Structures are given as C-alpha cells and as structure tokens.
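Each protein sequence line maps, in turn, to chains A and B.
Take the first sequence: its letter number 119 is residue 119 in this note's numbering, and every next letter is one higher.
Take the second sequence: its letter number 79 is residue 79 in this note's numbering, and every next letter is one higher.
In case anyone wonders, no lab produced these hints; they're calculated from the structure.
Among the hints, a few may not be true.
[Unchecked claim] Residues on chain A that point at chain B, a partial pick, calculated with CB under 10 angstroms:
| hint | residue |
| --- | --- |
| 1 | ASN110 |
| 2 | LEU112 |
| 3 | ASP130 |
| 4 | THR197 |
| 5 | ASP219 |
| 6 | VAL222 |
| 7 | LEU248 |
| 8 | LEU266 |
| 9 | ALA273 |
| 10 | PRO280 |
| 11 | ASP295 |
| 12 | ARG296 |
| 13 | PRO298 |
Everything numeric in this text was worked out from a predicted model, so none of it was measured.
Yeah, the Cβ is synthetic: ideal placement off N, Cα and C, and Gly gets one too.
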Amino acid sequence: MASEQGPPGVRIRGLTVVYRTPAGELPAVSGVDLDLAPGTITGVVGESGSGKSTLALSLLNAVQPPGRIAAGSVEIDGLGDVVALGGEGLRRARGRHVGYVFQAAQNSLNPLKTVGKQVLDLGRSHGVEDMRGLLADARGLLGRMGLDGARVLDSYQHELSGGMRQRVGIMLALVLNARLVVLDEPTTALDMITQATILRIVREVHAERGLTTLVITHDLGVVAEVADRLAVMYGGRVVEHGPTRDVLAGPRHPYTRGLLGAIPRLVGDIGEARALPGRPPTLADVPADGCVFRDRCPLRMDVCETGSPPVVTRGSRSAACHAVRDDEGDRRAVAATTGEDQA
Amino acid sequence: MIGGTGITKTFRQRGGVLGAREVPALRGVDFAIPKGGAVSFIGESGCGKTTLGRIIAGLETCDAGEIVIDGVAMSSLSHRRRQPYFRRVQLVHQDPYSALNPTRTIHQALAAPLALRARQTGRPRAWADERAGELLGMVGLDPGYVLPRYPHQLSGGMRQRVVIARALTVDPEVLVADEAVSMIDVSLRLGILALLKDLRERLGVSVLFITHDVATARYIGTDGELYVIYRGQVVERGPVETVISAPVHPYTQALLSAIPVLHGLESPGEQRVVPVEASGDHPSDDTSGHPGGHPSDHAGGCLFAPRCPFRTERCERERPVLGHDGDTPQRHACFHPERRSVVAVPVSRR
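Here chain A stands alone, though its shape is the one from the complex:
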C-alpha cells in the first residue's frame, strides 16, 4: 500500500519538445512552466495539436523519435530531473515512481496474455521479489474499483468491457505503488455512465493512496469533475492555469472563454453557445512569433502579432494574454466574446 512519504510534487520549467519534420524541427510544446502541487489533481485540457499528450509523455521522459525534449527540466520529488535520467534509472522510475494510464488503455493490454500474467511481467521487469504480494495488491486494487479481482486477473482483454479495461489500466499504473500518476484521456470512448464511474474511482483512489495526479483530456467536463487545478493548453503553450472552479467561473484567456462557450449544455439558451472560428493549429502552422491563438481571437490587437503574450499571474491564477493585463482588459474580454460572430 501507500508508502510513508507524502505525494511528490512536480516542477516543469521551460519545457520545449520538438518533432523533426521535413520542414525542420517544429515545437509541439514551447517553454512550458507548470507546477503540480503534492497531493493535487491537475487537469490539462487542450484540443488536438495542443501538445497535451507530448507534455504528459515528458513526465516519463518518454517522447519518442522523431520527437525530443529540446530544452527545460521536469523535477519530480524523490526522483530529480527526469529529463537528465536515462537507461536503467529511467526504466525503473517508470512504473515505480510514475504510473501512466495510456490513452485508449482499453486497447493497450496484451491480447494474448491474461491480466494476471501481465501483472507478473510487470513485477519481473521491476525486480519484484514477492510476486504473491504483487498479485494480492492487484486483486485488492481491482476490488477497490468495484471489480471481481480474481476473475479479472484470469481474464483476457477481449473478455472485459471498455470500462473494466480502463480500470485494469489504472491498476497496472498503481500496482508498483507509484505516487505520481498520469492519465491520458482516461474516459475517451467510454459511455457517459461508465465515464462517471471511472471519474469517481480516479478521485477516490487519488485520495486514499495519497497521489499526485495529472489528467490529460480534451473534455473540460472531465476536468471539472475531477481536477483541483486546471491548465489550458493551446498551440504548445499553457495559456491559462488556476483552481478549476475559479477558471470555469471566470475564465480570463479568450481561448478558455471560447472553449467554455462552445460546449453543448443541457440547459440554457442554445443560441448562446457557438463554435470557435477557425481551427486549432497543427505542428506546421503554429505561429513562431506572437500569440498562438491570435488567428481565432476576438480580441486580437497589433501587439499579438509579434509580442509573446506575458504570463500575468494574480494570486493562484495565471493567463498568457495581452488583453488580460489589467482589470479593464477583463471587461473588454467579456464584451467581445459575448458579441462574437459565428464563423
């Protein structure tokens, strides 16, 4: 079960990850600073191409070629800077210190082996001596998540439903007692009711085992349900960060406002909701200078073309936008987004 020391904190500083393409090395993540406070759940929200999955992989120093971490550091308590780790040290860190639940965990299991065999493989590759104990832990975790542990360990992937496979993915990430857990799109492809169950489990397991958790998703609703803090990514940058409820109640960055306004809701005037104009940038067309969001932004100004937006921090919140530098800017932002035309 959980070890004595507290959950680890994570400090990401100046992280830049580039991918080699025919057009040269292009940044998927550009100079990201982000702290994960010990014991918190942070949700990173972004659309395709925002760099959120690349950021998550960087926590394991697992960015695959043609990508590479070009600059910056990822300091994890008890482990040091994972960007500097390599070889055996890095391999041991994955699983033992950082548990990773992959995107589509439903499809990331070995179809030829029972879940139990995969737990044993995991134990062997990490030099676990007490295999019985490991299996007991796995059974316990599955039981905690509402499954018949013994039966699931004897099952093959195809015998499990999507929601059950997702729980197996979470079990595999936690069974070696990792205290930092990364969940990449934990509920994509799951039904609403199953999603609600998985999110409840994530919250409960997080609290019971004393974890630091990072959830990567395209769905603001998922973050709203589980995360204490919300980081919004766009074009490889964190454009807004703060306590989830505060950001949702009063988003400062025009992209966060736009995204919130674009979510289909169950109540309220459907005429108020509208899609953002344009489309998210791809690796090839992220602007090198100025603000990455300016092409879709209702508040675009001259300065956005060239000047990189300053990160304005107020209390526990921050936003990177020229238009939210002062309170007056906040009011302008509200007026402009609500009167925005549909594209």
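Position chain B relative to chain A; hints supplied.
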C-alpha cells in the same frame, strides 16, 4: 416521412467457450421521422441505436417489424426496388478520417456521385462541377480551397463537412448522423451541429441524430424528439427539451446525471440518479459491453431493473411497455415513473 413499427433484430454470436448465443439488439422499436424533423436516439454503446440507424439507412435488415417510407412498406418490395427508397436516407459516419478515400481529391470524391446524379436526372456533365461547388458552399466550405485537396490536407471538422456535402449529392430526405461530432475537436463541434440544424431549415432535410451525448441532441433543433434506448428497447420518448428537463424514467435520469458538472458554473441536480453497478460486474454479465445474456432476459422483468435504484418486486416479474402517462407529453416504459431534477443548474453569474 419514414417510420418503423416493431423493429426487432437479434444477432447470433457463434463460437467462444459458451457456444452460440442470441443477443437481442432491438426489441420491437416504433419510430417516426417527420419530414424536416429532428429525431435523436440516445443510449450507451451496445444499446442498439447504431443498428437501428443502419436498418433505417437500408444497410441492415430487421428480423421482424416494418420500415415504411412515404407510405410504402419496404418488406413488400424486392431488394432492387427498395434501393431508390433507401437512397433517400444517407448515413454520415462517425469517423471523417476513414470515411473519405485518402487517394482521391475532394473533387473526385464528389464528382462520382454527382455524375451519376446528372445521368439519372438528364442534366449535362458540367452541372456536376457546378453542383459540387454549390454543395461545399452549403456546408460552409470554400470550394476553391477544398476541391483540389486530399482529405489529409483538411482538418477533422472540414472533413466532416465534406462527408455531409457528399451525402447531399443524392438529394436525401433524411441524414442519419451517427456520433457525427464525437471525433471532432471540441471548439468545432457546435459548428457541425449548427450546420445540421441549418440544413434542416434550408433544405427541409430530416436529421436522425444518434449519440451517447444527450446535450448535443438539443443543438440540431429544440423542436426535435428524443428516444432513449436501453438494451434494444425505447424506455422514454418525447420532445427533446421535455425529456431533458423533466425525465421520468430512471435510466434517462441516470444518463443525464452522468454528464459532468462544470463546478463553478453549475451546481449538480439535487436528485442525481446513480445506477447500481451491473450485478457482480464480471466479464460475462457486464451490461455495457454485452447487452444480451442477462438474467433479466429470461425472467421477463424490466430490462433496467438490475441496475435501477428504485426497482420493486413487480419490476423483476413484469416488463413495462412504452406508453403515455396522463397528460405528459412524453412516453415511458416504467412502472414507477417520477420526475426528478437530475440536470445541473447554472449558478447565477455575478
């Protein structure tokens, strides 16, 4: 106008350690899609909503029941005579990435069906090119930009618009959109939904919207009708806004309760319904993956009873049928219908 009565479909699974078994996908479903109307089928994966959409599009047959298009019963026609009827129903797939041939430009993708259409209607070939541009304009794309390009050069949202434009080449009366926005970036989803709504209004085309995300169903038209499907049975049906704001079936309530609450902007509904976890929740009787093989199939009780927090002894014995209840506008299949406020309420803005 397209409708169906008593649509029933059973899949037979062969092989496996358990041997052959029957999986009921649809159990006597009645539906009607009025001209220019919006109808949404909602439910979890495996509930039969996609199978029903495919039957309506003529891509699958039913074991029992009847599909009627413009007053003509499809079972009375030969396979060949049925085709012109089903051509009026066009399917828009979930995945705009695999729905277009990657080796053909958008121009080529639209030219083939339009050339056929030109021949059928005795129009000159030049009409096809003109029409391709017109259709792309209709779905909000710039023909000059899109026509010469290959699918991989377009974003997911643009591709889905191309798929819709292609469906429109044959002048359909019904568009069947099966999870048509689930693979589109969040910031662009409303654009596709608004387009479907717009096509209803401008062309009078009906939209059959199939989704597991109830909230999106409102955006193709608040005048639409919602069908909530659970394990092959319609358990609640009614005007979309009524079913969302005043659901009476516990399953509808569970679905609506499961939608994430944007804490800070909304507060959760006061009577959220959490379904009982599928009995034991082990592989062979997990209800979300395998709709069949459930004990209640044999007992003949309510299909939702094993997961229903309000079930009574009657629910385990008898299966409720879809019907009206007093003067409420919706129909439901429940012995103990009760309104509950399960949907999140917006927090008033400061």
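Right, here's what the structure says about each hint:
1. ASN110: Where the cut-off is 10 angstroms and the nearest Cβ of chain B is about 17 angstroms from ASN110(A), the hint is violated.
2. LEU112: violated (17 angstroms)
3. ASP130: violated (27 angstroms)
4. THR197: Given a least distance of 7 angstroms, the restraint on THR197(A) holds.
5. ASP219: This interface hint holds because 7 angstroms falls under the 10 angstroms limit.
6. VAL222: Since chain B brings a Cβ to about 6 angstroms from VAL222(A), closer than 10 angstroms, the hint holds.
7. LEU248: Check passed: Cβ of LEU248(A) comes within 4 angstroms of chain B, closer than 10 angstroms.
8. LEU266: Holds, about 5 angstroms.
9. ALA273: holds (6 angstroms)
10. PRO280: Hint holds; PRO280(A) Cβ to chain B Cβ min 6 angstroms, cut 10 angstroms.
11. ASP295: violated (12 angstroms)
12. ARG296: holds (8 angstroms)
13. PRO298: violated (13 angstroms)
Hints 1, 2, 3, 11, 13, counting from the list given before, are not met by this structure.
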